[in-house]
Amino acid sequence: MKLILPDQTERVITEGTMLLDQLLLAEGINPNEVIASRGGFLIPEDTVIGEDDEIRLIRIAHGG
Amino acid sequence: MVTGSGTYGQPRCSLCSEPAVFFYRPVQRHLCRTHLFTAIEQRVADTVSDRNLIVQGDTVAVGLSGGKDSTALMMILTKLLPSWENVRLVAVTVDEGISGYREETVRSADRLARTLGVEHRHVTFPDLFGDSLDAILRGRESQACTICGILRKKALASAARDAGATKLATGHNLDDEAQSVLMNVLRGDLPRLVRDSSADSSGRFIPRIKPLRAVSEKEIATYLLLHEAWMDLPECPYARHALRREVRSILTSLEYHHPGTMLHLMESKGKIEKNCIGAIATGPLHSCRECGDPCSGELCQLCQLKKTLDRELSGNRP
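Heads up: the protein sequence lines correspond to chains A and B, in order. Residue 30 in this note's numbering sits at position 30 of the first sequence; the count goes up by one each step and never skips. Residue 1088 in this note's numbering sits at position 88 of the second sequence; the count goes up by one each step and never skips.
Calculated directly from the structure, the hints in this document are not laboratory data. It cannot be assumed that every hint is accurate.
Restraint ranges, calculated between C-beta atoms of paired labels, are given here [what the hints assert, rightly or not]:
id, chain 1, residue 1, chain 2, residue 2, range
1, B, 1014, A, 10, 27 to 35 Å
2, B, 1083, A, 5, 37 to 45 Å
3, B, 1012, A, 27, 39 to 47 Å
4, A, 39, B, 1253, 27 to 35 Å
5, A, 13, B, 1100, 21 to 29 Å
6, B, 1140, A, 39, 27 to 35 Å
7, B, 1009, A, 4, 36 to 44 Å
Every residue gets a Cβ at the ideal spot worked out from N, C-alpha and C, and that includes glycine.
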C-alpha cells in the first residue's frame, strides 16, 4: 500500500492488511494529529486497509 | 473531500448504516458525515445553552482570523443563529501584520463572511498600535506569542466594542482549552485556572465566550473537510511557544491512549472552579491608571507591555 504523508512524501508499505491506526503508530504518527482519506473518501483510524490502498494524510495541528 | 459508501474495511455509523467518517473515541462511537455534523452542532448548542453564553438581544462579535477554528465557529454559529431570539452576529478580523501568513487567512475570512452574509469588520495593528507585529517584534521574536496575545486581545476587544457587541466569541477548541488548563497547573497559576472570562462583567468589558470548548481539533478539521471549507494554511512563523507545544504533544498522546483525557481535564477545571472560586485570591477589578481599562493590577497588560517594550505604540489606541 502507499502512504502519502502531509508533506506529500510517499511511503510504500509492504505489510498486508492491517488497521490504519496500527500503520500510523508504526510510522510514528499519532492518529489524533492527522485525518486520513482513501480514494478521496475520509476514513476513521480503525478502518481496515489493504495492500492495494493509497492512504493520504492531512495534518490538522497548526500553531498560531 | 467526499465520503463514499460500501468501502472495504470501513466501519459503519453507530447510528445508521452509512460509512463512518469519524471515530468519537471518548464513547467509542462511529459517525457518518450527517451524524458527525449533528453531533458537533448539537454540542456547540448545548455548550451555549448550558453556560448561558448567548442570551436574547445579544450582539455577538466573532473573532474571525480565517484559520480553521474561527472558520468552523462562524459556520456553526451562523447555522444555530435562527434558534436564538433576536441575536446578531458580526465578524471581526484582526490583521496583525505578519508577512507571508496573515494575508491568506484574511482573504479566507473575507470570503467566508461574504458567503455567509455576515457583517464583517477589520482592524489592523498599524491602525491601533502604530506598527505591524513584524516591526514590533523585531529583535524580540522569542516573546512573540506573549506580545501578540496582549495586542490581539486589545484589538479584538476594540473591534467588538466598535461593533456594539455584548459578547466576543473566539474559536478556542477542546484541545486549546485542555492545554491551557494543564499549562496553568504546571505554572501553579490557580487564579488564571479558575478565571471565567464569560462571566458578567457589569459592563466593564465584553465577556469572551468559547462555544467550541467541547469540540476537539480533529472534529473541527473533519467538519471543515467534509464541508469543503478546509484550507491548508501556513503555520504562524512565530508559533514557537515552547510550553504549549510540549503540552500539546503530551495531551494528544494521552488522548489517543486514554480517550476522554481532555474532557476529564475540563471537568476537573469545572469542579475546581465550583469549589475553589472565592477561596483563591483573584483580586478585585481595577482601572488601569494609564488608560482606564479594567485590569487586575495598577496597569493593564497593554500599558505594562508598552513600558516593557520601551517604545511608543502610537496610532489610535483601542
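Each hint, compared with the structure:
Look at residue 1014 of chain B against residue 10 of chain A: about 33 Å separates their beta carbons, and that is inside 27 to 35 Å. For the hinted restraint 37 to 45 Å between residue 1083 of chain B and residue 5 of chain A, the CB-CB distance of approximately 41 Å keeps it satisfied. The hinted range of 39 to 47 Å is not satisfied by residue 1012 of chain B and residue 27 of chain A, whose Cβ atoms lie roughly 26 Å apart. A C-beta distance of roughly 29 Å is found between residue 39 of chain A and residue 1253 of chain B, which places it inside the suggested range of 27 to 35 Å.
For the pair residue 13 of chain A and residue 1100 of chain B, the supplied restraint of 21 to 29 Å is violated, since their beta-carbon distance comes to about 35 Å. Distance hint check for residue 1140 of chain B and residue 39 of chain A: the Cβ-Cβ separation is about 48 Å, which falls outside the suggested range of 27 to 35 Å. The supplied range of 36 to 44 Å is broken by residue 1009 of chain B and residue 4 of chain A, whose beta-carbon atoms lie about 18 Å from each other.
The structure fails to meet hints 3, 5, 6 and 7 from the earlier list, while all remaining hints are met.
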